[in-house]
Amino acid sequence: MKRYYVMGLFSNFEEAFSTISEIRQHAIPGVTVDDVTLKSPIEHPEIEEILGDRGSPVPKFSLFGAIFGAIFGFLFLASAQANFLTQPQGGKAIITLPSNIVLSYEMLILFGVLSTVIGFMINARLMTKRHPLYSEKVSLDQVGVMLELDEKNVDSLKELFKKHKVLEIREEVSQ
Amino acid sequence: MQTKDINENIAWAKINEDVLRSMENPRMGYWVALAACVAMIMCAVLAEIYQYQVGMGPSGLNWPHMWDLYIATFVFWIGMSHSGTLLSAILHIIQADWRKPIYRFAEAMTLFSLMTAGLFPIIHLGRVWNMYWVLPYVSDRGIWPNFRSPLVWDAFAITTYMTSSALFLFIGMIPDLAICRDNARGWRQKLYTVLSLGWQGDDRQWRHFRRIYLMMACFLIPLAVSVHSIVSADFAMSIMPGWHVTTFPPYFVAGALYSGCAAIITLFILLRYFFRFDEYMTIPIMEKTCKLTFAIAMVWTYLNLIEFAATWYGHDPVAKELLIQKFIGPHAPFFWTMLFCGSVLPFTLAFEKLRRHMPTMFVVSLFLNLGMWLERWMIVTPTLSFSHQPFAWDIMWPSMVQWAIVFGSFGWFGMLFLIFVKVFPSVSMYEVKEMVFHRRHYHSDELESKFHRRAGDRQSDADPSREGA
Amino acid sequence: MFVSNKFLSKRRGKGVGQGKVSQCLAMFFSVLASVFIVAAAQAEVPNAKPPTGTHSGEDVPQPIEFPHDIHADINGINCMYCHTYARRSKVAGIPPTSKCMGCHSIIATDKPRIKKLTEYWENNETILWNKVHDVPDFVHFTHEKHLQRFVFKNEGMDVANVSEVCAFCHGDVKKMTVAKKVKPLNMGFCVRCHEANDGPSDCWKCHK
Amino acid sequence: MSGSDINRRDFLKFMGLGGVGAATLSGCDMPTTITLEEGKEKVVAYLAPEEYAIPGIGVTFASTCKQCPSGCGVHGRVREGRVLKLEGNPDALNGKGLCQMGQASLQGHYNPDRITQPMARKGGALEPVTWEEAWKLMKEKASGAAQGRSAWFTGTVSGHQSVLLSALNKAWGSKDHYVYEAINNAVGEAVNKSVLGDAAPAYRLDKAKVVLSFGADFLGTWVSPVHFSREYSKFRTGDRGVLIQVEPKMTLTGGNADLWVAARPGTEGVVALGVANVLLSKNQVDGKQLPQAALDVISQYGVDKVTEISGVPGDTLVRIAKYLNERSPSLVLSGESAHGHANGYQNAMAAMMLNVLLGNVGETIEASNSMAFDELKAKHGNSKAMLDFAAAADAGKYDVVFFTGANPVYTAPDHLAMAEKVAKVPFKVALSMFPDETTMAADLVLPLSSPYEEWGTSVSPYQPTDAAISMSQPLMKPLSAETKSLGDILLSMLKYQGIKDYEGFDDYYAYLRSELDGLPGSVKAGKDGDEFWSAAVQRGVIKVPTKAGSLKVNLGDVSPGGHQSGGDYPMHLIPSSNQTMYDGRNANLPWLQEAPDQITKIFWDSWVEMHPKAAAKLGVKEGDFVRVESDQGAVEAQVYIYKGVHVNAVAIPVGRGHEEYGRYAKGNGVNPLKILSSIVDGKSGELATHATRVRISKVGRSEELPRLGGSEVQVGRRLVNTVSADVFKRTEGA
Amino acid sequence: MSLKNILENWSHYRRAHEEGGHHEYEHMWGMAIDLNKCTGCNACSVACYAENNLPTVGKDRMRKGQGLHWLRMERYWDEPDLGGDDKEYQERGGSFLPMMCQHCNAATCEPVCPVAATYHTPDGLNAQVYNRCIGSRYCSNNCPYRLRYFNFYSYYEESWPEPLNMQLNPDLSVRDKGVMEKCTFCIQRIRTGKDAAQREGREVKDGDVVTACAQTCPTEAIVFGDLLDKDAQVTKLWKAQEVELGRAKQDKSDGELRGYRVLEGLNTDPCVMYMDRVREA
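Residue numbers (the working numbering), protein chains in the order written: chain X, 1 to 175; chain E, 176 to 644; chain S, 645 to 852; chain V, 853 to 1586; chain P, 1587 to 1867.
Next up, chain X with everything else stripped away, as it sits in the complex:
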């Protein structure tokens, strides 16, 4: 069976949200709220209440990156110092904690940030091609609700959209 992408553009969040609410209440059989993708110019502050809490692993990346950065930083510095051909000592120890802590701290942040960014890139599916149904209006002032669904449900979805004062409906065959 063919599957379709259908996107409706709404003039504001209220209309889009009421559409999604109906989908959530199984207005269309076989279509759940998890199939919904909301496209908006900003992030609605209460979007979890509508779409459900979908979670984000980005902070875990941050944590891993930071821990790795700190450990790697310290070991890197310590091994460099321990194997330094000639040590400038000036009456101090060879592996110096104050400086290593400062530098490990910088490494912690650097790796934390890099890892966070990479986590974001991966999780947010950036650096992929835009969806064929992407509308420029979404970046302007309209809110898009997109679903991937079976052919049989397309019409009922359109109905639903229209019910909620959709401005425009686009559809595309899913590959």
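Careful, some of the hints might be misleading.
[Unchecked claim] Computed from the model, here is a short list of chain V residues facing chain E with C-beta under 7 Å:
#1 Gly1561
#2 Gly1562
#3 Ser1563
#4 Gln1566
#5 Val1567
[To be verified] Here are some, though not all, of the chain E residues that point toward chain P, as calculated from beta-carbon distances under 10 Å:
#6 Ala211
#7 Met231
#8 Gly232
#9 Ser234
#10 Leu236
#11 Ile246
#12 Met306
#13 Pro325
#14 Asp409
#15 Ser413
#16 Trp418
#17 Thr422
#18 Val493
#19 His563
#20 Pro565
These are calculated hints, taken from the structure and not from any lab test. Virtual Cβ for every residue (Gly too), placed ideally from N, Cα, C.
With chain X held as given, fit chains E, S, V and P onto it using these hints.
For chains E, S, V and P alone, kept in the frame of chain X given last:
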């Protein structure tokens, strides 16, 4: 009298339109400014070429003044870089949404100040061509940089800070770059398509976006503090009188925030005027910035005073002698100018009338910046002039080469900033939309407005028709 | 003894251990880590006792094409017979013309190169040789120390003869006519050998 | 490692300049120059080296420093045929020490402005000529000079050079040999001669417990500074002696004094009399050593009168007398600033009187160990020679004058018009290393080799402990093949004159060897021929048996002489000499130009020292230019203000302000000698260098003083702590 | 670069090398300078120029403070002599203080060098490696004695015109622009002395190594030697003055000893001991 941070009825489309308009069709004035900046850079480049070929001699540096304007200006630019990212991150975390119209250019300012600042430690090196030896790279010679040196810490810190704040700026700009992509043609479209990384505003992207933005803000606050503490370590880790000061880390951070805020005010006014961003860079936001600046100025003043007191009542005769030299010695005119600009002048920010008067604020902010620049100079040079060994006491005046490079650094910063405002949106469109949306739907602003409202203002505020939806 | 010396020889290349990390992290960090660790480990591979490294030297024109092979290899003359200062001075020294003439006033006097030599000698003219093995001026290399240790004390070395020691840095001169630079003679080259053989690690030994 | 019995001549012949590893220059690099191109540098193969000459290892050879008349022994470190560094010769009078002038004499040797070939005046300008042409000119002009119409004008000469010079003069029938030194102790020598019968007795600082010095800068420029510094070191250790310096401008010695007393210039004799007065009246010193005439004079100079004349406070006089009385033996010296007056002789005499009164003669002033060979003794210069020469040249007495080792055109005051007078001599020959003022005024210039390129012997004018002949030997091959040593030139001239005694010698070296071979067996200590020669060359000095001297005491008139009023010129001018520029001969050595003056720390330029009160009166501050004007002219220089100069005096250092003399000397500073008034010391006839009166005016220009150092005081940092001598003696005293 | 190395030798790497570290040194070159004998004649300074290839920079650069003089002779006037106008003249001369690199054991310059061009050698010397130096000049700023000098220009051409360059000592580099330099205690002489001793198969003894300044000093005020050598003159002088390495403030029992180290309170632990100037009260 405008009291709202932003008019919540402003239409989203208008926001896009206004900001995008600011990015196109540079007027004659823009090109003149850009040419002026390039000319300034050329001064510095010529001076640097001369210095590179002849040695550090023409810079007028001497024994015992091994550092002077280069390092002072380095600290100045590093300081200036602090407000953008740090304020943006802090205000983001505490959810002060008035940051939204102004944080973009502030962050850009951070990045460009850093790019300027990073040049100075390189320029000041006697053997520039070997500067990469500061970096910890693996070589078969078995030698590494000296990780004890605060200059190496600087290299680490600045690299980290530059990377992180550039990413912070860039990540925060992605939705806006998507807007630009959607509206641009030609080379700009290609550029924005690449830069926007395929942003399409779907909920998954927004969800991760919110987390990363928060995480990065969390990283950046301690980072920014650590970076300037490390810069202060260049001085505080030494044993020189006037440098070896325990209050230096907070003092430097306060000074950095201070000069950064002052620079934000300057650029705020310029952008507001030239790009007609009156509706976004509103006077209430300006006022908030001014209040913040005033508070930081007072912190800075306090740290100054306790440093004086600690030195005066301390038992280090060398440091005390230096303090006396600062007060009445050859550097005294600059020292008192610095104190005047840094501690007295900010009191203008305490007056609402003055705060709301843009020309005054523009001039004041320039003087605040001057004061902050002098502060750095007065940290670096008097210590070198009057250190432990009285035989090595000396005074010097920087040569034209140093001045040219310092002068050129402003051109460099200006050029980067000018290019930025025409290539990237200098006001965050999506966040202003958020702000407007937020205020419209949650009325958080209303309470505040009531609180501030005065009888005479009621009329103008009560007329919603003026600000169309 | 200087503190870091004894540890220098103990270095063995092994990367810094890593725990299990998620797939993505592993991918990302392996790239980064390879920059530091892998390269570092490779640089730390312990050397064989003679220094390693090669260099393809150019042919250096000399006023007289001195055939090292005939002297050192075919006739088996000890290197220090001609480079007589090597064991007692920083510089190895070029043999004085008088030394050449010591033999060549009798031997092979009809060869063109010897005629050229004789001409120099008779005109009381010094021969200006072109320097092949040159190090930067801030490097103060001492032949004496190296020869005393590796030839005369034979410390830790199993060296059959002098020319083998000389070959550490000068290559197999026996097989050359005019000497050619076949070793890099850069700092890494020196340092690796110093590490392998517990040489001094004080910068001021060579740079001052 | 000193040179053994090797044939140094062969060494020099075979040792190419540079040697192995010729270019060892340039340390750190620009990125462009780091690549080492193989075969770019040259390696020199020796022809036939000596066994001891190992490239890369320095060899030390002994020689003699000629940078000032003291003639210290040096050891030169030679590597790859280049002399790199000089050290003191421990066998010589100066011991292992060497002063900065001696250290810097290497830069004279390697000076880029050295004359490298003969020059002759052709149509107004000096142009290079060959030696053949030079000799031809000599033949035409010099040899043709009538009997007695030639003269030599030299600096201090001694040893076999002096012998040859006398022989040459004799051959030419001329007695006129002017020996000139701008900085000299001639007045002191005259007094010594008259009182003690010995012009240069030995001053035993090491024995003295008090040294009272009237302007004798024995640590700086007086007589033999390195030797005296060594003595000073002994004087200061153990039972530490007291040094009191009375002078109008602080010299290096004054800078080390326990008590520094500023006396009005020219009144040092009065101060000495005042001290004697106090000693006799308050300290009950027995005056029977002194003749009655002297006692009469002393009694006239009570404390109040002395204070009035000299400006030295009464209690200071009492303090000086107390030191002298309490600690014995003492030593009273007089030097430049006391001698350089119309009454300089009396000043020196008054100082000598104190020595007599305190019984120092025989105690701390001993008879010198005069050498057995009179002909080798140093002919020590004075400034009377220059005055005499000026008069003779003006009178057209000479057809030919030879100049060497002295630069009268530079050092002579303007009133002598030395340049014009020299110009009156029809043919002037300068034998010189450098294009100095006198050399540039000559008609024929013969290039001399440096002291480190030539063989020679010399004898120091001051021979306190042992008499010795110092040997000079080449430390390296001459830098220029065209230069010749003075000895060689003299020998050639003698041969040219057809003096038979010298015809057998190929060169000066051969002459020297034969002369030294001819020394009596007592000197040669059983060695002979090559053995003695190599021992002499190796050690650098030949100790010579001495005639035991003796001192008499015959004190002359001690009355201090009149004190002239300045009239229009209220201030005294002190042309001070110091160890950097000396009399101007060091001005071409960049190390010494850059070495700060020991007291003021000023370099590369001249300055005017002023008392703060005088400066306040004039309204000038440090760095302002002032014009110092005498009846003979004026100079302008920057002011340095401190309390180490008499309030009525200004001091300008001697030695800068050259008009010629190479790139480092030319146009640097001013020459205060030029504006000296024409005053001479009444008794000795010496030029009264310190007697000039000047007036000072503001110029209105100001510039930062070229001065090293910031703060003049320690601002309480106690970098140099001072402890009292009592403590020192208690803990470390002998 | 192994973890094992770090873990096994952790205690070694973490030990502060200031305490009891001296016994690890092969030598500890030090000086004793008697200011009672020093006359301030400056011979040491010029000897240093001659030995160490120091360029002369000319009047203007010298005035600007761009000169190089590893050993500078400082001269201070006594404060009472200058204070007020009540004294018309100075009663005493100056206080002369020859200042060369103090070779601090806890040198402030060493930890701040970003590229470790300055470090401590096994001879107890504070080394400066010219070819590693990148010219950040931090070390000079952090030297309380201000004893480090910077090559503001490339002096080779102008300071040593032919044939003046032939005097240059081939045993050490001629520094180019952008490089920090300072007194090395005549490292080339130390090397030569040690090499000679090694060649003769003996230990280095007192007098084998003499710095240029100590050798030329006419009053023998400067004494140089190995502080670890008990028989060395310098060691005896230090002992007599009860000055010890590793102690910031010397506890001198009777308070009458003259030995001290400059700016001792900064705890830099220099290897140069000075002895007070002595003057009659």
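Verification of the supplied hints:
no.: 1; hint: Gly1561; verdict: holds, 5 Å
no.: 2; hint: Gly1562; verdict: holds, 3 Å
no.: 3; hint: Ser1563; verdict: holds, 3 Å
no.: 4; hint: Gln1566; verdict: holds, 6 Å
no.: 5; hint: Val1567; verdict: holds, 5 Å
no.: 6; hint: Ala211; verdict: violated, 32 Å
no.: 7; hint: Met231; verdict: holds, 5 Å
no.: 8; hint: Gly232; verdict: holds, 4 Å
no.: 9; hint: Ser234; verdict: holds, 8 Å
no.: 10; hint: Leu236; verdict: holds, 7 Å
no.: 11; hint: Ile246; verdict: holds, 9 Å
no.: 12; hint: Met306; verdict: holds, 6 Å
no.: 13; hint: Pro325; verdict: holds, 7 Å
no.: 14; hint: Asp409; verdict: holds, 8 Å
no.: 15; hint: Ser413; verdict: holds, 4 Å
no.: 16; hint: Trp418; verdict: holds, 8 Å
no.: 17; hint: Thr422; verdict: violated, 19 Å
no.: 18; hint: Val493; verdict: holds, 9 Å
no.: 19; hint: His563; verdict: holds, 4 Å
no.: 20; hint: Pro565; verdict: holds, 7 Å
When the structure is compared with the earlier hints, violations turn up for hints 6, 17 and for no others.
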